[in-house]
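Residue numbers (our numbering), protein chains in the order written: chain W, 1 to 350; chain U, 1 to 270.
Since the hints were derived computationally from the structure, they do not count as laboratory data. You may find that some hints are simply not true.
To be verified - Example chain W residues on the side facing chain U (calculated, C-beta under 8 Å, incomplete):
id, residue
1, GLY30
2, GLY32
3, LEU38
4, ILE262
5, CYS328
6, LEU329
7, LYS333
As the list claims (entries may be wrong) - Footprint (simulated), chain W over chain U, 3 or more residues, beta carbon under 8 Å:
id, segment
8, 81-91
9, 173-187
What the hints assert, rightly or not - Lysine-lysine pairs mimicking DSBU-like chemistry, simulated, CA-CA at most 30 Å apart:
id, chain 1, residue 1, chain 2, residue 2
10, U, LYS262, W, LYS331
11, W, LYS270, U, LYS266
12, W, LYS269, U, LYS5
13, W, LYS270, U, LYS149
14, W, LYS331, U, LYS87
15, U, LYS257, W, LYS346
16, W, LYS76, U, LYS80
17, W, LYS205, U, LYS186
18, U, LYS169, U, LYS154
19, U, LYS186, U, LYS80
20, W, LYS84, U, LYS154
21, W, LYS36, U, LYS228
22, W, LYS331, U, LYS257
23, U, LYS262, W, LYS271
24, W, LYS208, U, LYS80
25, U, LYS257, W, LYS237
26, U, LYS80, W, LYS269
27, U, LYS186, W, LYS139
28, W, LYS76, U, LYS85
29, U, LYS228, W, LYS265
30, W, LYS237, U, LYS55
31, U, LYS163, W, LYS271
32, U, LYS154, U, LYS85
33, U, LYS228, W, LYS232
Positions of the beta carbon are idealized from the N, C-alpha and C atoms, including for glycine.
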Amino acid sequence: MIFRIIEKTELKELVDVMAVNRIIGPVQKGTGLDGKPLYAFGPVADFNDLKLDYTTTARPAKRYFLPSHETLCNFKIHENGWEKSVDFNIHEPHVFFGLHACDINALHKLDKVLLKSSFPTPYYAAKRMNMFIIGIECKPQPFCFCRSMGTDSALHGFDMFLTDLGDKYFVEVQSAAAFNFLKNINTSDPKEKDHARYMEVVAEKNRKFTATVDTTDLAKILDMEFQSDVWKYWGDKCLSCGTCASVCPTCYCYGVEESVDIDLKGAVKKKHLYSCNLIDFAEVAGGHNFRPESHTRLKYRYYHKHRGFAEEFEESLCVGCGRCSEACLAKIKVPEVIASIRSGVKPRGR
Amino acid sequence: MPVEKYLGVPLHRPKVAFFEFTACEGCQLQILNNEATLLDFLSLVEVVSFREAMKESTGDYEIAFIEGSITRADEVKRLKDIRKKAKVLVAMGSCACFGGVNQLKNRFNNPKWVKDQVYGKFPVESEEARPIEDVVTVDLKIYGCPIKKEEVEKVVTNLVLGKSVNHPKYPVCMECMANENICLYKLGEPCLGPVTRDAWCPGNRCGCWGCRGPADAANVEQIISIMKEHNFSPDTIIDRLECFGGFREFAEELKRKTVKAKTKKKRAGK
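Just chain W, with the same shape it has in the complex (with noise of 0.2 Å):
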């Protein structure tokens, strides 16, 4: 790893070099209740909307390597047959400038299933390999549990990393292009009091942390768990809204739809993304439907999160960024989830 420094005035430097590409970064969406911003990724077209000090996105960057609505394949329809005409719908590289960890590790998380295993998909590979990322160390939240998670911190997957020391950026330099893009602006060698700034930031950001789930066997606590009256309790409040999975870094289930035009000359198969919290999710062929009752749906997302997931990849698909907690109109938190499903005991004075 090679490290450097970038003085904050130089920063503007940094943005101007990568606007050849499409940029995609933190920018204000909008304002809360509180007053206080509320941010979201979004393309970036002038240095002053970039927000590299923003607390959170209430969504991933998911649109931009996993739209929730793709168009897979066009045909053009004739008297007897078909032609297929197939888009992986990428036409530029996408700069991802300041990524924090969690969604870094989401996207460690979605290769494993949708680039790495037997099958991958080239839609989401296309994106993938079109990705330049800039990740940036966060302010952790309230509801961050990315800790124990073990997602708190990226040791790959990024092409450079910066670290905010006050005035200037501590720079993790981790592939050719980003050495190449460097080249342009103004940096320097780290100097030992850099390194020692470094390690207080990392340490004070360590100390920032409050919430907490016990991951300690959790696979097998959920399959003992599996028939507790708790997960009933939790469904009973689930909307079966799909918000949660709609703002998950990590989840990527869908569906397939098929349609014909309207003249008959055309068709178009379509990819849009789905929640397991949805009432047809589990709907087969016939109407039978596997999970009918809220709670089970709500428990299977929890199951294939920290259950399938882990007993395949040795880790969970969650990365602890806690959006689906803050999202849920019905507060269904995660680090509730678990604790109530490891005591066997519904939370009290809700």
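Following the hints, complete the assembly by docking chain U onto the known chain W.
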């Protein structure tokens, strides 16, 4: 030119008719509204009756599209006649599916008073507004106020091709999230999106009023308690729930509870 074959298989071009009952005719207008595909639509089906669009009319049809709610005795008779003739009867729009905006007059529980207020010295027959399902069997529903033309076209294309017609069973949140909107509850506005059947509209910073009716697993009790937690008054919640008729039972139950609570409070005050 009518399309005769699809992938070499001969197609049947069904005869369809459009009828309106108590409604604004806006749903029928939606069908005429998209000139870009109107000719394709007409080559797929044979329209034999469509008062808003053509003079000719015959009683020989296979698919009947019904717009509007039922508010008069003659409408009941006419609808039953249509049902006898049609192989497939489609309820089109919120009025036909749930009573729609028309059924708001039912909220007063006093049809005579409503009639006096609206028609005064010129009374007409007007009873409670009912969805057409109260009168006849409905084979298919197309939701929305108004309906979306593309959805009707998809339904018709699938009927002609013999494909099943599938509406989304999940709520509006899915589309709203896909559009990357900020949840309106985070901005202090009420919304029925989490319980209403998915729609194409979210994105205008306007909370959902539930025109497409409940989603398949709508947890309405939960959204009511969430709205209360967000400090929306029972009246605000009731207004939302009863606007289009899809959540009528829930609105009525909440009204009963609210009245009960108010009386209890009054008594305690005395």
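Handout entry: Pairwise hint evaluation, LYS237 (chain W) against LYS257 (chain U), where the allowed Cα distance is 30 Å at most
Key = 21 Å, holds
Exercise for the section: Take the segment 81-91 of chain U, compare each residue's beta carbon with every beta carbon of chain W, and decide whether three or more fall closer than 8 Å. Expected result: violated (count 0)
Problem - ILE262 (chain W) as chain U interface residue, shortest Cβ-Cβ below 8 Å - result: At 5 Å from the nearest chain U Cβ, ILE262 (chain W) passes the 8 Å test, so the hint holds.
Problem - 30 Å limit on alpha-carbon distance, applied to hinted pair LYS186 (chain U) and LYS80 (chain U) - result: 47 Å, violated
Practice task
Assess, step by step, whether the Cα of LYS84 (chain W) is no farther than 30 Å from the Cα of LYS154 (chain U), and give holds or violated.
Solution key: Status holds; Cα separation ~21 Å.
Handout entry: Restraint check for LYS228 (chain U) with LYS232 (chain W), where alpha carbons must lie at most 30 Å apart
Key = 23 Å, holds
Handout entry: Straight-line alpha-carbon gap LYS228 (chain U) to LYS265 (chain W), limit 30 Å
Key = Since the Cα atoms of LYS228 (chain U) and LYS265 (chain W) sit roughly 51 Å apart, the hinted pair is violated (cutoff 30 Å).
Problem - Hinted pair LYS154 (chain U) and LYS85 (chain U), Cα distance within 30 Å - result: 24 Å, holds
Exercise for the section: Below or equal to 30 Å on CA atoms is what counts here, so check LYS262 (chain U) against LYS331 (chain W). Expected result: 29 Å, holds
Problem - LYS169 (chain U) paired with LYS154 (chain U) [C-alpha distance capped at 30 Å] - result: Holds: LYS169 (chain U) and LYS154 (chain U) sit about 16 Å apart, inside 30 Å.
Practice task
Take a quick look at whether LYS80 (chain U) and LYS269 (chain W) sit within 30 Å of each other, Cα to Cα.
Solution key: It is violated: about 40 Å lies between the C-alpha atoms, which goes past 30 Å.
Practice task
Compare the distance between the alpha carbons of LYS208 (chain W) and LYS80 (chain U) with 30 Å, and conclude whether the hinted pair is satisfied.
Solution key: This hinted pair is violated, its Cα atoms lying about 69 Å apart.
Violated hints, listed in ascending order, are 5, 7, 8, 11, 14, 16, 19, 23, 24, 26, 28, 29 and 30; each of the other numbered hints is respected by the structure.
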